[in-house]
Amino acid sequence: MDAAGVALFYAFGALALVSALAMVLQRNPTYSAFALVLVMCSLSVIFGLLGSPFIAALQIIVYAGAVMVLFLFVLMLLNVQREVPARAAGGRLRLVAAALVTALVAEVGSVFWRAGLGPAAAGYEASTAKMAALLFSYRYLYAFEATSVLILAALVGAVVLARRSAQ
Amino acid sequence: MTGAPIVQHALLLSLLLFAIGALGVFLRRNIITVFMCIELMLNAVNLSFVAFSRQLGSLDGQVLVFFVMTVAAAEAAVGLAIIIALHRNKDTLDVDAFRSLKW
Numbered sequence: 000m001d002a003a004g005v006a007l008f009y010a011f012g013a014l015a016l017v018s019a020l021a022m023v024l025q026r027n028p029t030y031s032a033f034a035l036v037l038v039m040c041s042l043s044v045i046f047g048l049l050g051s052p053f054i055a056a057l058q059i060i061v062y063a064g065a066v067m068v069l070f071l072f073v074l075m076l077l078n079v080q081r082e083v084p085a086r087a088a089g090g091r092l093r094l095v096a097a098a099l100v101t102a103l104v105a106e107v108g109s110v111f112w113r114a115g116l117g118p119a120a121a122g123y124e125a126s127t128a129k130m131a132a133l134l135f136s137y138r139y140l141y142a143f144e145a146t147s148v149l150i151l152a153a154l155v156g157a158v159v160l161a162r163r164s165a166q
Numbered sequence: 000m001t002g003a004p005i006v007q008h009a010l011l012l013s014l015l016l017f018a019i020g021a022l023g024v025f026l027r028r029n030i031i032t033v034f035m036c037i038e039l040m041l042n043a044v045n046l047s048f049v050a051f052s053r054q055l056g057s058l059d060g061q062v063l064v065f066f067v068m069t070v071a072a073a074e075a076a077v078g079l080a081i082i083i084a085l086h087r088n089k090d091t092l093d094v095d096a097f098r099s100l101k102w
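If you're matching them up, the sequences are chains G and S in order.
Numbers 0 to 166, taken from numbering that gives the first Met the number 0, label the letters of the first sequence in order.
Numbers 0 to 102, taken from numbering that gives the first Met the number 0, label the letters of the second sequence in order.
Don't read these hints as lab results, they were simulated from the structure.
Mixed in with the good hints there might be a few duds.
[Said to hold, decoys possible] Examples of chain G residues lying across from chain S (beta carbon under 8 Å, computed): (1) 22; (2) 36; (3) 37; (4) 52; (5) 53; (6) 54; (7) 74; (8) 102; (9) 105; (10) 109; (11) 113; (12) 119; (13) 137; (14) 146.
[To be verified] Chain G stretches covered by chain S per the calculated footprint, using a threshold of three residues with CB under 8 Å from any CB of chain S: (15) 1-15; (16) 40-51; (17) 59-73; (18) 126-133; (19) 148-158.
[Said to hold, decoys possible] List of simulated lysine to any residue pairs, SDA-like, C-alpha gap at most 20 Å: (20) S:89 - G:81; (21) S:89 - G:76; (22) G:129 - S:59; (23) G:129 - S:63; (24) S:89 - G:77; (25) S:89 - G:129; (26) S:89 - G:75.
Yeah, the Cβ is synthetic: ideal placement off N, Cα and C, and Gly gets one too.
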């Protein structure tokens with residue numbers, strides 16, 4: 000990765016962090032959804048910089064395209080209002096949440112820290128053709144075909160669940 | 000190749016995004032926002048898969064990301080259908096309102 004790539008990596012990493020924070024601190028779910036779209040687009044750039052163009056394209060098409068449009072569609076269908084601020088046990092719950100998340104960060108961070116990763120493997124190039132060859136290889140072919148059944152089941156399940164009942 | 004520890008920083012970014020998503024699941028009360036925070040956590044894990052794939056010089060991590068994305072798309076479709084059904088029955092999206100197993 001050259002110097003421009005490194006600069007792009009940190010710029011979009013910072014953008015992803017800021018928009019993720021904006022998403023969580025936002026009370027209006029529609030704004031949260033747009034912040035999440037921003038997170039996903041920044042992550043797509045980072046995937047591309049880390050040498051995975053196929054995953055970067057998939058991130059835009061599947062997440063920013065399909066999944067987030069579905070979210071926005073449901074938000075507008077249900078006419079969602081802002082959250083009301085007060086909750087009885089709010090303060091205590093917030094403390095517990097902060098403590099648990101801090102513990103999680105410390106735990107995973109220490110694992111990453113102690114892993115002591117060396118320099119990344121050289122000559123790494125993940126072209127889309129290589130990905131396709133791997134997906135259709137013996138190792139992943141059955142899992143790959145099984146995802147089509149999973150998608151079909153999810154499609155039928157979503158239609159059945161969201162349908163208005165007959166009476 | 001420059002000296003910047005890109006993979007380590009990508010892992011750190013993934014950790015922070017996952018933590019923000021977990022915080023959102025605790026703090027937010029709109030069920031759709033909670034669901035979006037879960038999507039954020041899935042994205043953070045995808046980032047760590049891609050970073051490890053880069054580190055090891057192997058494509059298997061990216062294949063795992065592909066499967067995570069497929070399952071996440073299916074999960075989003077079914078989850079949003081469940082949310083629509085919940086809203087139809089209770090007329091609210093506040094997670095505190097959904098506390099009974101049947102009604």
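Verification of the supplied hints:
1. 22: holds (7 Å)
2. 36: Residue 36 (chain G) check fails; min Cβ-Cβ to chain S is 10 Å, beyond 8 Å.
3. 37: Not OK, violated: residue 37 (chain G) not within 8 Å of chain S, min 11 Å.
4. 52: Result: violated, 10 Å to nearest chain S Cβ.
5. 53: Holds. Min distance 7 Å.
6. 54: holds (5 Å)
7. 74: holds (6 Å)
8. 102: violated (10 Å)
9. 105: violated (10 Å)
10. 109: Nearest chain S Cβ about 11 Å off; hint violated.
11. 113: Result: violated, 12 Å to nearest chain S Cβ.
12. 119: Since chain S brings a Cβ to about 5 Å from residue 119 (chain G), closer than 8 Å, the hint holds.
13. 137: Since the shortest Cβ distance to chain S is 13 Å, the answer is violated.
14. 146: With a minimum Cβ separation of about 5 Å from chain S (threshold 8 Å), the hint on residue 146 (chain G) holds.
15. 1-15: The restraint on the region 1-15 of chain G holds, since 7 of its residues have a Cβ under 8 Å from chain S and three suffice.
16. 40-51: holds (count 7)
17. 59-73: holds (count 7)
18. 126-133: With 3 residues in contact (Cβ-Cβ under 8 Å with chain S), the coverage given for the region 126-133 of chain G holds.
19. 148-158: Coverage by chain S holds here, the residue count being 8 at a Cβ distance below 8 Å.
20. S:89 - G:81: holds (17 Å)
21. S:89 - G:76: holds (15 Å)
22. G:129 - S:59: Given pair residue 129 (chain G), residue 59 (chain S) holds - Cα atoms ~11 Å apart, limit 20 Å.
23. G:129 - S:63: holds (15 Å)
24. S:89 - G:77: holds (12 Å)
25. S:89 - G:129: It is violated: about 49 Å lies between the C-alpha atoms, which goes past 20 Å.
26. S:89 - G:75: Judged against 20 Å, a Cα distance of about 18 Å means the pair holds.
Hint violations for this structure: numbers 2, 3, 4, 8, 9, 10, 11, 13 and 25, all remaining hints satisfied.
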